[in-house]
Amino acid sequence: MRGIGPWKMAAGVAAIALLAAGCSSGSSDDDETLPNTISIGIAEPESLIPTNTTESNGSQVLSSLFYPLVRFDEKSTPYLVAAESITHDKANKVWTIKLRSGFTFSNGEPVTSDSYINAWNYGAYGPNAQLASYYFSKIEGYAALQSVDPDGNGPKKAEPPKATKLTGLKKVDDTTFTVKLSTGFAGWESLMAYDCFYPLPKAAFASEGVLTKDFAEAPIGNGPFKLRGKWQHDSQIQVEKVADFKGTVPKVDGITWKIYQDQTAEYADLIAGNVDVQTKIPIESLASASGDLGDRLQKSPSSSFSFVGFPIYEKEFANRDVRRALSMAINREDMTEQIFLGSETPAKSFVSPVVEGYKANTCGENCEYNPVKAKQLYTAANGPKDLKITYNADGGHKAWVDAMCNQIKGSLGINCTGVGEPKFPDLLKKVEKKEPVGLMRLGWVMDYPLMEDYLGPLYTTDGSSNYYGYSNPAFDDLVRQGNDAATTTQAEKLWGQAEQILAQDMPVIPLRFGQNVFGHSAKVTNVSVDLFQKVDIYKIELAE
Amino acid sequence: MFRFIVRRLLQMVLTFFGATFVVYALMFAAQDDPIQALVGERPITESQRAALTERYHLNDSFLQQYWYYVKGLLTGDLGTSLTGRKISDMLADAWPVTLRLSALAIIIAATIAIVAGVVSGIRRGSLFDNATLFGTLIVLALPIVVLAPLAQLIFGIKLGWFPPTAGKSATLYQLLLPAAVLASLVVATELRVTRASVAENLRADYVRTARAKGLTRYQVIRAHVLRNSLIPVITLIGVDIGGLMSGAIVTEKVFNIPGVGFNLYRGIRTEDGPLVVGFVSVLVIVFLVVNLLVDLLYAVLDPRIRYE
Numbered sequence: 104m105r106g107i108g109p110w111k112m113a114a115g116v117a118a119i120a121l122l123a124a125g126c127s128s129g130s131s132d133d134d135e136t137l138p139n140t141i142s143i144g145i146a147e148p149e150s151l152i153p154t155n156t157t158e159s160n161g162s163q164v165l166s167s168l169f170y171p172l173v174r175f176d177e178k179s180t181p182y183l184v185a186a187e188s189i190t191h192d193k194a195n196k197v198w199t200i201k202l203r204s205g206f207t208f209s210n211g212e213p214v215t216s217d218s219y220i221n222a223w224n225y226g227a228y229g230p231n232a233q234l235a236s237y238y239f240s241k242i243e244g245y246a247a248l249q250s251v252d253p254d255g256n257g258p259k260k261a262e263p264p265k266a267t268k269l270t271g272l273k274k275v276d277d278t279t280f281t282v283k284l285s286t287g288f289a290g291w292e293s294l295m296a297y298d299c300f301y302p303l304p305k306a307a308f309a310s311e312g313v314l315t316k317d318f319a320e321a322p323i324g325n326g327p328f329k330l331r332g333k334w335q336h337d338s339q340i341q342v343e344k345v346a347d348f349k350g351t352v353p354k355v356d357g358i359t360w361k362i363y364q365d366q367t368a369e370y371a372d373l374i375a376g377n378v379d380v381q382t383k384i385p386i387e388s389l390a391s392a393s394g395d396l397g398d399r400l401q402k403s404p405s406s407s408f409s410f411v412g413f414p415i416y417e418k419e420f421a422n423r424d425v426r427r428a429l430s431m432a433i434n435r436e437d438m439t440e441q442i443f444l445g446s447e448t449p450a451k452s453f454v455s456p457v458v459e460g461y462k463a464n465t466c467g468e469n470c471e472y473n474p475v476k477a478k479q480l481y482t483a484a485n486g487p488k489d490l491k492i493t494y495n496a497d498g499g500h501k502a503w504v505d506a507m508c509n510q511i512k513g514s515l516g517i518n519c520t521g522v523g524e525p526k527f528p529d530l531l532k533k534v535e536k537k538e539p540v541g542l543m544r545l546g547w548v549m550d551y552p553l554m555e556d557y558l559g560p561l562y563t564t565d566g567s568s569n570y571y572g573y574s575n576p577a578f579d580d581l582v583r584q585g586n587d588a589a590t591t592t593q594a595e596k597l598w599g600q601a602e603q604i605l606a607q608d609m610p611v612i613p614l615r616f617g618q619n620v621f622g623h624s625a626k627v628t629n630v631s632v633d634l635f636q637k638v639d640i641y642k643i644e645l646a647e
Numbered sequence: 016m017f018r019f020i021v022r023r024l025l026q027m028v029l030t031f032f033g034a035t036f037v038v039y040a041l042m043f044a045a046q047d048d049p050i051q052a053l054v055g056e057r058p059i060t061e062s063q064r065a066a067l068t069e070r071y072h073l074n075d076s077f078l079q080q081y082w083y084y085v086k087g088l089l090t091g092d093l094g095t096s097l098t099g100r101k102i103s104d105m106l107a108d109a110w111p112v113t114l115r116l117s118a119l120a121i122i123i124a125a126t127i128a129i130v131a132g133v134v135s136g137i138r139r140g141s142l143f144d145n146a147t148l149f150g151t152l153i154v155l156a157l158p159i160v161v162l163a164p165l166a167q168l169i170f171g172i173k174l175g176w177f178p179p180t181a182g183k184s185a186t187l188y189q190l191l192l193p194a195a196v197l198a199s200l201v202v203a204t205e206l207r208v209t210r211a212s213v214a215e216n217l218r219a220d221y222v223r224t225a226r227a228k229g230l231t232r233y234q235v236i237r238a239h240v241l242r243n244s245l246i247p248v249i250t251l252i253g254v255d256i257g258g259l260m261s262g263a264i265v266t267e268k269v270f271n272i273p274g275v276g277f278n279l280y281r282g283i284r285t286e287d288g289p290l291v292v293g294f295v296s297v298l299v300i301v302f303l304v305v306n307l308l309v310d311l312l313y314a315v316l317d318p319r320i321r322y323e
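Protein chains in written order, with this note's numbering: chain A, 104 to 647; chain B, 16 to 323.
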């Protein structure tokens with residue numbers, strides 16, 4: 104009958120559409136999970152090349168594929184893992200690393216000194232643009248591997264650097280090599296625990312100094328697990344155990360790193376039992392988390408440190424009493440309990456409690472909530488009547504900055520506003536141009552577990568993250584002396600003295616130290632998350 | 016008809032270049048410091064910055080960069096995102112799941128809208144009619160940022176009828192809930208258009224004539240009214256398909272579906288110019304093709320329309 108034509112077409116289209124929708128990868132060969140495997144939620148890693156990994160997701164996956172030279176125990180003291188011994192000369196300048204023999208990469212290649220030397224040279228070479236490159240800057244010869252643009256941002260292209268190998272790395276034999284630093288550094292052993300110091304097999308390089316394209320998608324490591332298939336972007340990364348692994352054998356046989364774009368979606372899956380561990384419970388779900396998870400919700404210390412800095416060019420904060428008063432006007436306990444629901448702890452020191460040498464309450468009365476004294480100091484020192492706190496709006500900071508402003512208003516009776524910049528680099532740009540931003544909101548996560556990591560990069564005159572411009576030669580001196588000290592105990596004493604200077608000068612207001620708030624399903628037990636927000640994959644196991 | 020199609024295809028090419036040029040210019044203007052955006056709050060060494068700037072031609076003038084882009088496009092190379100992945104790979108990864116999700120959403124929306132719309136149009140003023148209007152009003156009023164997590168909470172977690180998330184290789188069952196949420200965006204308008212169209216056609220002269228000839232009401236509706244009423248709805252559905260594919264950002268985020276919408280959002284947030292332009296270029300093509308198909312379908316449905 105007439106008029107049936109379009110119906111046939113519509114039916115046909117609908118059929119095709121349904122077929123397309125249902126026709127998923129029914130070939131779910133990725134669903135054949137072996138028994139004794141678990142799934143851990145992460146966000147999409149930026150990179151899986153060790154020297155290009157600076158964020159926790161990539162770092163977490165790499166910790167299953169690679170075996171580090173050293174690891175940290177609960178007290179953040181390094182202990183040997185892939186290295187048999189690490190010795191150094193008196194000046195902490197020349198370090199000799201002897202590797203444990205018998206280790207191989209998952210493709211059968213033996214792990215040798217060359218595996219480390221070639222990997223580190225690749226990471227240090229400027230034109231490779233590896234994001235963790237600056238970790239190699241302490242090694243002698245690093246500067247020769249960086250290209251220098253001859254005329255700044257001008258039209259002339261920078262010449263590729265002449266050197267491709269660090270002069271400070273020398274192979275002694277197949278299992279021994281030496282590292283010469285440009286200046287002595289007592290904490291070098293701790294630094295080598297970082298991901299960028301992993302070795303790379305010969306199979307990673309297509310030619311000298313050039314990685315194969317496939318290696319970024321399917322890295323081959325010397326760790327207890329190896330990749331199953333490739334990195335399925337935005338979906339998952341599956342690893343399975345390596346047979347006959349010579350080091351510590353994890354208790355599980357396989358891990359599926361499930362990639363989530365959104366933490367609340369991951370939380371929904373955690374409750375439903377579709378994922379076994381979530382390392383960061385989002386704030387929105389914190390309120391219901393203890394009800395949903397019971398004792399499967401756990402906390403552990405993390406190394407994050409939140410603070411606000413006084414840009415040095417802002418004359419209104421030049422008087423030390425103004426800075427002290429502002430610090431005393433803030434009720435840290437209130438903030439951590441009300442806004443962060445206990446997921447962060449108040450900071451009364453400049454160094455995190457997770458590192459050795461931490462002393463509680465070094466900030467003293469300057470960080471104790473005392474609105475009366477604060478107001479006295481502030482009016483006596485003629486503090487500004489209008490205060491601004493600038494922060495990056497994409498970091499979820501509005502709530503607590505506004506709360507802090509309210510506390511300051513209440514304690515000091517002045518005007519306070521929070522100003523959001525779209526992104527952190529925008530805030531930095533304003534500071535570079537010396538625009539009046541008021542206080543700037545900052546955060547820090549440690550790169551290596553040493554006191555020095557909370558002091559050097561943040562407060563020394565040429566510190567890489569000293570955005571506010573604090574400069575105190577006495578402080579710089581003490582930090583440097585600590586770096587040159589013969590033992591870590593001596594170093595910590597000197598660094599402690601440096602921290603005292605900070606407590607006097609108050610260049611920043613310490614606010615909070617972070618905690619890991621994580622949860623796991625009923626399927627697993629023995630779940631612990633370390634200071635770098637990584638699950639300990641050696642301890643985790645299936646519950647009985 | 017043939018000349019019509021050829022003319023449209025030529026127009027498509029022009030529109031494509033025009034649209035991508037505008038997007039490119041906007042991304043270029045919005046780009047502040049994509050390299051710093053790449054590393055976040057860490058410092059970046061000068062040599063790394065130099066290397067990345069070289070690689071992505073960030074120091075060249077706007078027209079030069081656009082020329083690189085067009086050259087790549089014409090050879091099929093959509094470029095590399097600032098994270099180092101090839102955009103064609105990312106597209107190949109993201110499109111299938113978005114296509115499946117939007118196809119499913121459109122089917123759900125179209126089925127509900129047409130069936131309920133026709134029934135409402137026939138029985139105007141009845142309980143069914145008022146109930147569906149009220150229901151669509153609620154769905155229209157709830158923004159998707161509320162609807163999606165709510166649906167996930169109620170149907171996914173509390174009641175457990177559907178899995179709370181779908182991944183990249185999701186099965187049909189896993190996509191049902193997100194597709195239903197996505198469909199809610201368009202079902203209200205489609206239903207009302209169908210209803211109005213059916214109501215209008217029921218009052219037409221030819222329907223009165225057909226009834227007078229002796230056909231039953233049901234026969235009249237099936238043979239005449241439906242076909243004519245669907246014309247505006249089909250055009251609306253065609254436009255909605257394109258919209259759903261790019262606009263499913265919130266749904267994809269809540270249900271963890273790494274599709275086109277999510278990638279676009281990520282590209283914008285990280286100032287990843289090549290990524291946004293690459294994805295938008297393909298989206299522009301999809302829009303244009305879908306619109307052409309809808310126009311052709313229009314001609315098939317309504318014999319009075321003939322293109323030159």
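Since the hints were made in silico from the structure, they are not lab data.
A virtual CB, placed ideally from N, CA and C, is assigned to each residue, including glycine.
Any given hint could be a false lead.
Stated by the list, open to error - The calculated DSS-like cross-link candidates involving lysine-lysine, where the alpha carbons are at most 27 Å apart (straight line), are: (1) K383(A) / K173(B); (2) K86(B) / K333(A); (3) K86(B) / K316(A); (4) K273(A) / K333(A); (5) K173(B) / K402(A); (6) K626(A) / K101(B); (7) K491(A) / K512(A); (8) K305(A) / K101(B); (9) K316(A) / K101(B); (10) K462(A) / K476(A).
Stated by the list, open to error - Now the stretches of chain B that chain A is said to cover, found in silico as 3 or more residues with beta-carbon under 8 Å: (11) 32-45; (12) 65-78; (13) 181-187; (14) 265-277.
- Against which earlier hints does the structure fall short, listed by number upward? 2, 4, 6 and 11
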